[in-house]
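Model the full structure from these sequences, guided by the hints.
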Amino acid sequence: MAELTYRDAVVRGIAQEMARDPDVVFLGEDVAKAGGVFKATVGLLEQFGPLRVRDTPISEQAILGAAMGAAMTGLKPIAEIMFSDFFAVCFDYIANEIPKGRYMSNGQTKCPLVVRTGNGGGARFGAQHSQSVENWCMMIPGLKVVAPSTPRDVIGLLAASVRDPDPVIFLEHKSLYAVKGEVPDGEILDTLGTASIVRPGKDATILALALMVPRAFAAAEKLKSEFGIDCEVIDVRSLVPLDTQAILNSVARTHRLFTVEENPRLCGWGAEIVSIVADEAFYELDGPPVRITTPHIPLPAADILEDLALPSVDRIVDRVRRSMEN
Amino acid sequence: MAELTYRDAVVRGIAQEMARDPDVVFLGEDVAKAGGVFKATVGLLEQFGPLRVRDTPISEQAILGAAMGAAMTGLKPIAEIMFSDFFAVCFDYIANEIPKGRYMSNGQTKCPLVVRTGNGGGARFGAQHSQSVENWCMMIPGLKVVAPSTPRDVIGLLAASVRDPDPVIFLEHKSLYAVKGEVPDGEILDTLGTASIVRPGKDATILALALMVPRAFAAAEKLKSEFGIDCEVIDVRSLVPLDTQAILNSVARTHRLFTVEENPRLCGWGAEIVSIVADEAFYELDGPPVRITTPHIPLPAADILEDLALPSVDRIVDRVRRSMEN
Amino acid sequence: MTKKPTLARVSASSMNDDIGEQLRLRMYRMQVEIRDAEQRAFDLFLQNLVKGTSHLSLGQEAVAVGFACAMKPGDLSFCTYRGHAHTLARGVPIEAVLGELMQRDNGLMRGKGGSMHLTSEKHGVMGSYAIIGAHLPIACGAAWRAQYKGDSDVSVCFFGDGTTNIGAFHEALNFAAVWKLPVVFVCENNLYMEYTPISEVTAVEHPAAGRASAYGLDSIIIDGQDADEVYRAAVSAYEKARAGHGPSLIECKTYRYSGHSRADPAKYRPSGELDKWLKRDPIKIYRERLLQFGVDERVVTEIEAESKRKIDEATEKCKAAPMPSLDILTTDVYADGGWAWRN
Amino acid sequence: MTKKPTLARVSASSMNDDIGEQLRLRMYRMQVEIRDAEQRAFDLFLQNLVKGTSHLSLGQEAVAVGFACAMKPGDLSFCTYRGHAHTLARGVPIEAVLGELMQRDNGLMRGKGGSMHLTSEKHGVMGSYAIIGAHLPIACGAAWRAQYKGDSDVSVCFFGDGTTNIGAFHEALNFAAVWKLPVVFVCENNLYMEYTPISEVTAVEHPAAGRASAYGLDSIIIDGQDADEVYRAAVSAYEKARAGHGPSLIECKTYRYSGHSRADPAKYRPSGELDKWLKRDPIKIYRERLLQFGVDERVVTEIEAESKRKIDEATEKCKAAPMPSLDILTTDVYADGGWAWRN
Ligand SMILES: Cc1ncc(C[n+]2csc(CCOP(=O)(O)OP(=O)(O)O)c2C)c(N)n1
Ligand SMILES: Cc1ncc(C[n+]2csc(CCOP(=O)(O)OP(=O)(O)O)c2C)c(N)n1
Ligand SMILES: [Mg+2]
Ligand SMILES: [Mg+2]
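Chains as they are written, first to last, in the working numbering: chain V, 1 to 326; chain D, 327 to 652; chain P, 653 to 995; chain W, 996 to 1338.
Careful: at least some of the hints might be erroneous.
Pairs of lysine-lysine residues, derived as DSS-like cross-links and limited to a Cα-Cα distance of at most 25 Å, are as follows [to be verified]:
1. P:Lys801 to V:Lys33
2. V:Lys110 to P:Lys801
3. W:Lys1117 to V:Lys33
4. W:Lys1117 to D:Lys436
5. P:Lys724 to P:Lys832
6. V:Lys110 to P:Lys919
Keep in mind that the hints were calculated from the coordinates and are not lab data.
In structure tokens, the structure reads:
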């Protein structure tokens, strides 16, 4: 056991996979010599050399296109897109190329790659460097989408993503990079498509992802201690594949559903899951399923405004409490 | 009154607005001399001249970027992106630039433009030319999103979009271009954010958009005549602004909700509306709200496969009937 | 025909040059087969047996054949929606291509991809891409793999003149040059994007060659109507790539006889333009050259007849082939063969 | 300092040239104020009064000042995240800029945009864009409006060397050239993208000028440390644009003294590189020139002192300013002032 930051877990996760498989290669802007803008790739160049860890021009289309071509022909690339907001400049690869080749070719081609990116708000970077884009990815057929909330999950899910035969979008949360957590020694390998119950509870189910997980957890603790409401908190971890069973099972026990999402409100993963539950577990629900989200606005830069925008512990507590009182 | 195709309605709508306001300009690939790949812009060059109707290089980023810069400084551009799938190559403008400038500048800048595009399936064009991308747009804060289903709505909503002070994504359905409808003479101007009840009914509410509207209507007729189920069919028309009241009112009368969506299943507009209704009208619902969607797959090219993928009249009938029987 | 194309004026003695008779016959056969197959595809449109859209390369066959015939097995082709010719030129059976256009179960992708996405991994056809420019970076990636693994194959990426104005072109060219990747970019300049002349939307006269220096590359323009010239340009670019000297960008002057796609009657062309190009038809040029070289006309005629037989046979097989079975709708979204995004 | 920069070796008599004394004093004042304001911003980081990120142009002031001072009112600037200098150079009050960096209610956008998105419509600063390359096409659009309406303004778009490798650069340059738009593209080549030397990721030596011919444009490289040279290049590009002769692409050789952003100690720079550039400091060069021209040193010193006073005053005002009120969180998403996406 070691205590590691989420940031260092990224380095260790990549290193674990590169050490295991020489076909794993890594490319991105400022990732090699400089070790990445978030310092989440420090030391990889030294460990694996300039043929496997490569700095690129500012050419996101070339980065993802090259990763795709390499994946189609035998490598297992990890590509970094520095901020997830920049998915917009290479979205053709995310939406039209990487996820569709296998289907269009009737199974002839493959695309085993991982796109890692810094996602989410909280760093006061403003509207073009703070977005949560999990719904940009979840809505695209053919992708897998993962978003870890702890250092341990970073390593285990990253390893699972690299070994997965399908393309995986791996969303690292910028505001979690500095967070520490216990990580076992040795190889860590997790399973995609498995949610995890981070706090059992019987009165309501709260679903959360990435930075929202610790907030949902803190809110649940507060709801219990201050209002006697006992919430089950589930870290969704993987949006595709989605652990629908874990979610439906939880709702079948608690009969209430809350989602805590950082992406702007419309067409978020919360909407998807609420719709699944409303359809498939309608008669289990004792009250309206509620989405707690960032409002449907671009994100502001100022700290007091950004803090107001993202779901906070207090907002979660307040929203759950009011809803449970009705 | 004249009978017009949806395609000709596009021409008339653009012409109506260009004739009214010299600041309305139009640009896109092959739109001027050739009149557009869907022949939906034929005659505009002749009528308004080469300064107002302009062919561009194959440079979607330049097209939308130029439209934005022109809009910020006083014009009212209409930009055509030939197929909505190509939003992916200019998604930075759709997701990060066009919708965020006003907010980031604290209201200093404006961006009154319309992006027109051919959206949707049914033409056997395969996975990169058939997509329904309404959710790609609806999920972005700051955009308005419109999708007409009739020639009359094409003109009225296009006029409203051009006159709107905000950026509007105007989704024309490729498989509707040849469809005819009655259109009144003279200027037509409609209102964004208004859904329309195309068939009143008392047993269930069916929401649909664009190509799915005639299908939902036909399904409703069949449900009534064959199974005695009387469905209200609402043409949502505008996803943003969303006529939530019309939807909630209808559900308050029928107590059942179905959405018929062409976009792939995950994080679609159906999920958004189902979630709104499940939250705000939970106690009005007599049964689970159901989404009828294209499966979450890339679209196939072959006609029998594509027909199987998109929601069909029979699938709608079947799904509604089974759900209403339970 | 009286006036002979300049490039066909060669002496019979030069038949045993770097190209030689066998290869020339192969290149002729391939050009004829592609021409016939595409003309058949066009006929099948008219009978409504080819559905959806389709983009023919009639008139551009020499480019496809010259580049393909210079390839080694294992070399990779990346094509566009206008990819029938390049796909056939790699040896993909005509039946599989026509079957795909006709949306039959014997199609290359059983109807799932359609005419714009022809892919035959085992022939090195790594896909046909329908979003302008998308495949240029992808070809870079395949070339990166070859470089990294020490594989000796070359990735060859075909695209049109209009494609040179999209961002992905720029990113790919710079990327390939900086990383010295074994990739060859082939611009088929057929003078038009869809319906708009390339000259009206491009800042330089030669849309590809005029940009080469921006990536530190040589400016190369070749006659795309002459399979021999194409072949030689291909050989030298492939050699450069295999030797580790990086990418090439080759602009081929060519012309498409038919409209951009099935929907296009090509009325935008100035009168006489098509006729001018028909005089430089690649198959005509090549046929004359073979005869000048002293190839017996009966050999040539037999190649032509055999092509017709092959196409007829393929057509009949496709007509008789069943439609794809409906259960493939949801197969092969993911590597496990299925589409399950949830449990 | 003993060795004088070459470009400052001018005779006093040439003071009354095309630039003249008044403008030179204005350009000096502006460079000093920008330098002081950015240095203050840096100090305020250290005190944790500037939050989020911030990208300084210390060392690059002459580019901003030369281009801005050659503009007429109504000309438009399109900047990047590294946009403080360009914004101040258009006359935006220091208080408004510092206020935005400090996220105060007196900030240019009341804290909603932040340091990377400085915008002052009334000063012609049409936004600072934080996605690499995005504003090049946008500037084309503003120029298109001028062309269409017969307005005489020029759109000027600033960006870095690293930006020349992204797709939007290519699309914008070609588009501007084909449409002959009155737009001037200014590449500030400061040798680095974030931390990676531009030479390691670019196929040509001059990332902008080496691409000019791909758009039919002249290859222009200027000394970005000399405001006079910058000013003259700007004037001639603006004249060309206003005369309807289309866009220009100008590469300015310059250097940033600090790291890429607040987070960057700039350890990747070879030792001695910074010192070499400090010797060519634009403010030093310009100060010496003024003295050589015979400007009284007291005038220069007074400009410097006044700048300090202005900055101090602005800083105090910002420190005293309230935080933005929380209700602006949801204002100005749409033109009606609000954010309602539903009824
Ligand atoms: C990003 C994108 N924009 C537009 C199109 C529509 N489109 C398809 S082919 C084509 C013209 C391409 O011209 P060129 O590159 O010269 O190739 P050609 O068709 O002449 O072979 C266009 C504009 C597209 N498929 N993708
Ligand atoms: C599309 C995109 N990719 C990457 C980044 C991250 N990024 C911000 S600044 C920068 C370096 C830009 O270098 P250059 O163009 O030389 O400008 P400079 O910062 O040197 O002024 C990068 C890579 C971004 N903002 N947008
Ligand atoms: Mg062409
Ligand atoms: Mg730079």
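*Holds or violated: are the alpha carbons of W:Lys1117 and V:Lys33 at most 25 Å from each other?*
Violated - the C-alpha atoms of V:Lys33 and W:Lys1117 are around 42 Å apart, more than 25 Å.
*Given the hinted pair P:Lys724 and P:Lys832, is their alpha-carbon gap at most 25 Å?*
holds (20 Å)
*Does D:Lys436 lie within 25 Å of W:Lys1117 when you go C-alpha to C-alpha?*
Status holds; Cα separation ~13 Å.
_Just to be careful, I want the Cα atoms of V:Lys110 and P:Lys801 compared with a cutoff of 25 Å; is the pair within it?_
holds (18 Å)
*Pair hint outcome, P:Lys801 versus V:Lys33 [Cα-Cα no greater than 25 Å]*: Distance ~22 Å between P:Lys801 and V:Lys33 Cα, so the pair holds.
*Take a quick look at whether V:Lys110 and P:Lys919 sit within 25 Å of each other, Cα to Cα.*
Given pair V:Lys110, P:Lys919 is violated - Cα atoms ~41 Å apart, limit 25 Å.
Comparing the model with each earlier hint shows violations of hints 3 and 6; every other hint is respected.
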